[in-house]
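Asks: In our numbering, the protein residues as written are 1 to 276.
By construction, these hints were calculated from the structure, which means they are not laboratory data. Relax, there's no trap hidden among the hints.
No farther apart than 25 Å at their CA atoms in a straight line, the calculated lysine-lysine pairs in the BS3-like style are these:
no., residue 1, residue 2
1, LYS53, LYS217
2, LYS191, LYS217
3, LYS53, LYS228
4, LYS228, LYS217
5, LYS228, LYS191
Now the in silico label distances, taken between C-beta atoms and shown as ranges:
no., residue 1, residue 2, range
6, ALA30, PRO210, 32 to 42 Å
7, ARG149, THR198, 52 to 62 Å
8, SER193, PHE264, 58 to 68 Å
9, TYR174, SER230, 15 to 25 Å
10, MET205, THR229, 17 to 27 Å
11, THR181, LEU269, 48 to 58 Å
Beta carbons are placed, not taken as given, at the ideal position from N, Cα and C, and that holds for glycine.
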Amino acid sequence: LGLLECCARCVIGAPFASLVATGLCFFGVALFCGCGHEALTGTEQLIETYFSKNYQDYEFLIDVLQSSMAPGGPNIVLSTVLGDHNEVLARGPIAWGSGMAAVPSGDGWGGAVEGGQETHVFTPRRVLQGPPELAKPCLASATISSPARDFVGITYVLTIIWLLVFACSAVPVYIYFNTWTTCQSIANPSKTSASIGTLCADARMYGVLPWNAFPGKVCGSNLLSICKTSEFQMTFHLFIAAFVGAAATLVSLLTFMIAATYNFAVLKLMGRGTKF
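Start from the sequences, fold in the hints, and give me the full structure.
Replies: Here's what the structure looks like:
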């Protein structure tokens with residue numbers, strides 16, 4: 001075989017969808033963890049400066065920030081989400097049988113015959129006619145190993161978890177967007193019939209602070225001055241970036257789930273009725 005033909009076969013057999021999904025997963029997790037941590041830090045500063053002077057009112061938020069800054073915290077998240085996917089990618093096409101196809105026997109293709117009946121496993125005839133060491137990896141790949149089943153299950157679980165994370169990451173974006181909309185109404189009194197003094201942002205209403213927190217809300221021109229600060233603008237955009245990161249991670253996991261389910265089903269069909 002020529003070098004060009006060998007390279008072409010390797011490129012054709014590469015799992016491009018999984019490779020792209022892996023890169024997207026790395027990008028999404030890094031974006032979510034980094035921007036989310038900075039956004040929570042900015043939120044804690046805004047609450048401490050404008051909404052409550054009592055440390056106990058936002059103690060839970062500070063505990064979350066301290067736990068995310070703990071040594072190895074981000075590494076645990078990355079290894080949990082990406083560890084098993086990288087293991088499968090490292091095994092290559094042999095682990096998932098991506099170099100095989102379940103197609104009818106015909107020119108250039110051949111199936112193993114057992115007991116007078118042709119099995120469901122089909123490999124290229126050139127492989128079957130070649131040395132045994134070439135055919136062994138292809139035939140062995142048709143068996144469904146325990147790691148493959150575990151990978152499918154872990155992918156489903158992680159997809160559900162990140163679906164919840166994606167939903168939760170939309171909450172702060174919604175809160176900041178409502179606050180920003182209120183500030184726009186204060187800046188343009190002609191667009192609203194309400195009095196400027198009655199337009200407020202109440203952190204207690206969203207559960208960020210307890211109901212006994214004081215003052216707990218900011219109204220009128222004071223709220224408008226908060227919205228004009230760089231801290232508010234930066235925190236708002238960081239939460240949007242964290243939301244995008246969660247969405248990217250979810251899309252990558254959905255891609256993994258579809259690919260893993262498809263490969264699992266193909267390997268199960270190819271291995272049905274076949275003895276090795």
